[in-house]
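Colleague: Listed here are the chains, written in short residue letters.
Number of protein chains: 2
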Amino acid sequence: MDIATTADKIKRGDRRSLARAITLVESTRAQDRAAAADLLAHLGTENQALRIGLSGTPGVGKSTFIERFGMMLTGQGMRVAVLAVDPSSTRSGGSILGDKTRMDLLSRDPNAFIRPSPSQTQLGGVARRTREAIALCEAANFDIVLVETVGVGQSETAVAEMSDLFLLLLAPAGGDELQGVKRGIMETCDMILVNKADGDLKLQAMRTCADYSSALHLMRKRPQDPDDFPKAVAVSALEDDGIGAAWDEMQTLAAWRKDSGIWDARRTQQSRFWFHEEVRAGLLSQLTSDSAVKAQLRMLEDDVTAGKIRPAHAAETLISKFFARSG
Amino acid sequence: MDIATTADKIKRGDRRSLARAITLVESTRAQDRAAAADLLAHLGTENQALRIGLSGTPGVGKSTFIERFGMMLTGQGMRVAVLAVDPSSTRSGGSILGDKTRMDLLSRDPNAFIRPSPSQTQLGGVARRTREAIALCEAANFDIVLVETVGVGQSETAVAEMSDLFLLLLAPAGGDELQGVKRGIMETCDMILVNKADGDLKLQAMRTCADYSSALHLMRKRPQDPDDFPKAVAVSALEDDGIGAAWDEMQTLAAWRKDSGIWDARRTQQSRFWFHEEVRAGLLSQLTSDSAVKAQLRMLEDDVTAGKIRPAHAAETLISKFFARSG
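Protein chains in written order, with the numbering used here: chain A, 56 to 382; chain B, 56 to 382.
Please note: incorrect hints may appear among the correct ones.
Given that identical chains are not distinguished, each listed pair holds provided it fits within a single copy or across any two copies.
Said to hold, decoys possible - Heads up, simulated DSS-like pairs for lysine-lysine below, C-alpha to C-alpha not over 27 Å straight-line:
hint: 1; residue 1: K286; residue 2: K276
hint: 2; residue 1: K349; residue 2: K64
hint: 3; residue 1: K64; residue 2: K363
hint: 4; residue 1: K257; residue 2: K276
hint: 5; residue 1: K349; residue 2: K363
hint: 6; residue 1: K363; residue 2: K66
hint: 7; residue 1: K363; residue 2: K313
hint: 8; residue 1: K376; residue 2: K276
Honestly, the hints are just simulated from the structure, not real lab data.
These figures come from a predicted structure and were not determined experimentally.
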């Protein structure tokens, strides 16, 4: 792959080049990593899309929502990229978009680009790869980059840390606790969308929406929120209802953050966050790349969990050994 | 300090030896670190207290609550240690117990031990030091170790990760959002105590309590909670009302977790967590102990936040430099 030519093609909107470049950043081979870094440096950072993170458990209607939302945006003349973060090592049945056929219309729209998540991934790598894929889509002049996650483990936090707006898609609650939102997520989410506000579930969706609104209001106001945010709104992806109103809310929030300087501050903070994360991950990967040290790490972990040695002492032992070997 | 003798004195309940040992684990000097490790190894891990974490913002009545709660426990024949985690670098006026006079009765109780938090601390060190102070108090046969924090930044998470039960003390809310709970904390807290349920504020405290109960019920059930938990209860530290009932709830929860095996699983998970944290922190401290590498870290961070270089690339650059120098 000629880097300069590929960079040029991506900037001019060539979809095959974009797809190949995403495959390149997904690779863990050292040679590919170097080429990916080179390509990203060539592309620069001038173009910036609106980065929207979307989390929701399987069955909540994510694919249908993204299809409707995406079609609405392309209908307004925007170019939309959809990326998926799926930290599970093997793809589970109904989990995520992997399958483009679940977004049939959007996948055939020339102004949309859908990239399924690759199988067999590790979380650390997922975060870096997804951030690099976002950068590629921005270089390719997409207006909106939508990153979806199933919200397992730390993937929600990771996606929130790479989004300008982070949305949570929920189904109407069947009862008191039947489909409660995971608590930590309330800290990071900017808007709750209660889907399936249609047919028999409509009233229930409205009530769920009111419940989450009150819950959100009970919580401490964050500096990144104007009055009334974060808020919960009801939508029906199935009947294409309320999605325009939800988009209006997103734009209101985005405009407020841009005016108040919070937008830029957030991106700066996110870059710093990922830099420190990458340094930590890089150091740890150096440590575990030494098989003798890695074996000792496992032994010490067993001793720690068995209460035979204290965590701090075990860590000091391990690190001394590592630097004695690498020094 | 003779380690074996000191260990022996601590086990026999000598308060001065305990106090000096805590000063030792607070020290960052290499020689003291080695002595502290030696002492902790001598003391073993046989005795385990009930570790209660308590978070609450200044003004919520933490000192009064701890005084009443502590006196009740010592009145029942228990020995109670109170430790403070204050990650702020300089002590702020009304922040925390630093001042033993705020817990006048408890500080004079022979079955209680109050250790103010030292000034000038860094968070990483705070967590290790506090865990080691807990270990010292356990070796000294305290039944309850209460760790309080003002809940600034990550200190709440750190305290939650070293507690068997983690409590949040709140004041009655004055209005919709006036004193909302920080969202992330709902993920980790086992019980909310709404203080100041007395005089003019009594009704308001009851309402706040009901509000938080509903909010907690809207959220997803955690495997570490029996039915009805986490719950919100109203107390008055001032009038010494409801504290016995709150203690009953804590005991119910503790007993359930012990029976279900969650208690042990949680301690094992916490040890593993702190081991990995210590390894990460240790690696990072090796990196920043090289002044040339540290200077480059700062430069690269500036470039990252200015958008001149991507986080992953900057991290790779830094780590290569570090291992080239240390290798």
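Colleague: Each hint: holds or not?
Modeller: Cross-check of the supplied hints:
| no. | hint | verdict |
| --- | --- | --- |
| 1 | K286 with K276 | both (12 Å within a copy, 22 Å between copies) |
| 2 | K349 with K64 | neither (43 Å within a copy, 39 Å between copies) |
| 3 | K64 with K363 | between (58 Å within a copy, 22 Å between copies) |
| 4 | K257 with K276 | between (29 Å within a copy, 25 Å between copies) |
| 5 | K349 with K363 | within (19 Å within a copy, 35 Å between copies) |
| 6 | K363 with K66 | between (57 Å within a copy, 19 Å between copies) |
| 7 | K363 with K313 | between (53 Å within a copy, 21 Å between copies) |
| 8 | K376 with K276 | neither (47 Å within a copy, 42 Å between copies) |
In summary, the structure is inconsistent with hints 2 and 8 from the numbered list given earlier, while agreeing with the others.
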